[in-house]
Amino acid sequence: MTGASGPIPTAIGAIVLSVLALLLVYAGVERFSAFGVALLAAMALTATTWHWTNMGRAGVLPPLALGAVILLLWEVGTRAYAVPGIILPSVSAIAVRFVSSGDILWQDFLQTFVKGALSGYFIGCGVGFLVAVASDRLPFLQRGLLPVGNFLAAMPIIGTAPILVMWFGFDWQSKAAVVALMCFFPMLVNTVQGLRATEAMQRDLMRTYAASYTQALVKLRLPAAAPFVFNGLKICTTLALIGAIVAEFFGSPIVGMGFRISTEVGRLALDMVWAEIVVAALAGSAFYGVVTLLERAVTFWHPSQRRV
Amino acid sequence: MRTALSISLVLGVIYVLWMAAVPVMNIKWEVAQAQRAGVAAVIPETGIRTAGNWELLVANPGVIPGTYAQEKPRLPAPAQVFSELWDTTANKKITSKRSLIYHAQVTLSATLLGFGMGTLLGIVLAVGIVHMKVLDASVMPWAIASQTIPILAIAPMIIVVMNSVGITGLVPKAIISAYLSFFPVVVGMVKGLRSPDAMQLDLLRTYSAGPGQVFWKLRLPAALPFLFPSLKIGIAAALVGAIIAELPTGAQGGLGARLLAGSYYGQTIQIWSALFGAAIVAAMLVGAIGLLQSLLLRGMGMVR
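Protein chains in written order, with the working numbering: chain A, 16 to 323; chain B, 43 to 346.
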């Protein structure tokens, strides 16, 4: 693990050990040796990642390496110890299911993510942002609406989901309503916080320029609030997907990720459940990634975006 | 005083809107009941199922009072919800299974334990991410991915696995709470720990401060204004986690169990009162964090 060995030999070692572990477990050799070799491979992979990041070549490699470590231990562990599929299916079983049910997964993705989560996300974040700006402009709203809004928004959505499904029907509209309700609160809190983030000196400068309220808002306070706003937007990306999926547990058409998960759990087809979880994780991470890229483009000036 | 006035005005507007919405939401069932009872009710020729709520409302003004007193309304009237809320908190013994306070306390203990675990994990992860390149590069994408996994799907798996290791009761629920609450803390804390700008970091370097001193004297104080909004979101998420955890376990006590029971038997008034109970608990928790925030930041001279 010292600088003398370098990342290339450990990387080769890690790959050889991983292949060996997989071969051992598929050949049905003694379980302890297979899992032990997998552990060694995981350690070698970690060491490689360590070297790689310390050399300044980060990129997508470290997260992939961590993922590979988890997947390797999962696959070899479940196979070697013959964990029953109804507790934890192996990685390969999930992968097979993922490929063979691509069509169903794609339909579920469209229904839950594109129709339910995305539309709810835009409504919830948009309204939250506008209410925050309005409450900043009107002290009356800030004094009256914010405490009430905080109270109402603190309602756990799991309870509003059955009510909203009852009101808006089984299709994606009720899911969008749940998601919008979930996204509203974080967005409101973060934007209000961000609009207070300017310093007295900066506000005084605007006053010496005789800037109107709108000018000060657009040129100083909104840009200063942007890091906080993006904080809220990022938190909402993950909330949106969870909200859409959870809402489907309370009633949905016969398509959608939440519907699929609840029915396949009932049929003990956990490989399908995990395939849906993979889709959810991929979609959510991509969504978060897009917002992060947007944040980098908008708040490039903020110290937290600085490349060290 | 003016705050109280503003709040009561907003509450008044909400009350009026709510009262106005009740007949619209509940009219269909009321008209159907009137028809079954043989009372004259005006129903469009196309039948009651396809009739619009407004249409029925305008045609049957006589049944409107009934919409405020249904047993299982689509939208209960405010008075129904609050009398149920009062009945289940003040008029029942705290140890009674019918007392909302008993259920709230069951959920609250899991929430607080989970919030503590999640906050600790979140802060430790954030400190690691800011100080170690390996963690920064490898952990964050997986923390995000972990949050996109629908908790309701893995909650039963967590509880079954924990049960097979012999851990039952509070801890599995707290783990699900922690799982939901650590993420906002990580995001806010990483952002906050990185918020000191180059000038401030350079200043500490000119003082020849070590990494520990930079952390305690600059990064940590600078992170607190970012940490507290995250903690508020985190504790609300922890409460949601504790409630969700009670759904698949067949829990006997807790606000989640109360919600589920209400949902099973169509007791909408019970759902709404449990919902308000949960919101009151959440408001108290968020308020406590807010109090801590203002005390701490004022003590540090950071409130502007």
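Please note that a few of the clues may not be correct.
Stated by the list, open to error - Derived Cβ-Cβ restraints for the label pairs, each shown as a range:
{"hint": "1", "chain 1": "B", "residue 1": "P198", "chain 2": "A", "residue 2": "G266", "range": "11 to 21 Å"}
{"hint": "2", "chain 1": "B", "residue 1": "G94", "chain 2": "A", "residue 2": "G266", "range": "20 to 30 Å"}
{"hint": "3", "chain 1": "B", "residue 1": "S125", "chain 2": "A", "residue 2": "G141", "range": "44 to 54 Å"}
{"hint": "4", "chain 1": "A", "residue 1": "A149", "chain 2": "B", "residue 2": "G211", "range": "24 to 34 Å"}
For the record, the hints were derived by calculation from the structure and aren't laboratory data.
Glycine included, each C-beta is placed from N, C-alpha and C at the ideal position.
(Q) Tell me if the beta carbons of P198(B) and G266(A) are separated by a distance inside 11 to 21 Å. (A) Cβ of P198(B) to Cβ of G266(A): about 19 Å, so the range 11 to 21 Å holds.
Q: Look at the Cβ atoms of G94(B) and G266(A) and judge whether their distance stays inside 20 to 30 Å.
A: holds (22 Å)
(Q) Taking the Cβ atom of S125(B) and the Cβ atom of G141(A), is their distance within the range 44 to 54 Å? (A) The hint (44 to 54 Å, Cβ to Cβ) is violated, given that S125(B) and G141(A) are roughly 37 Å apart.
Q. Is 24 to 34 Å a correct range for the gap between the Cβ atoms of A149(A) and G211(B)?
A. Roughly 46 Å apart at Cβ, these two residues miss the hinted range, so it is violated.
Hint compliance for this structure: hints 3, 4 are not met, and every other hint is.
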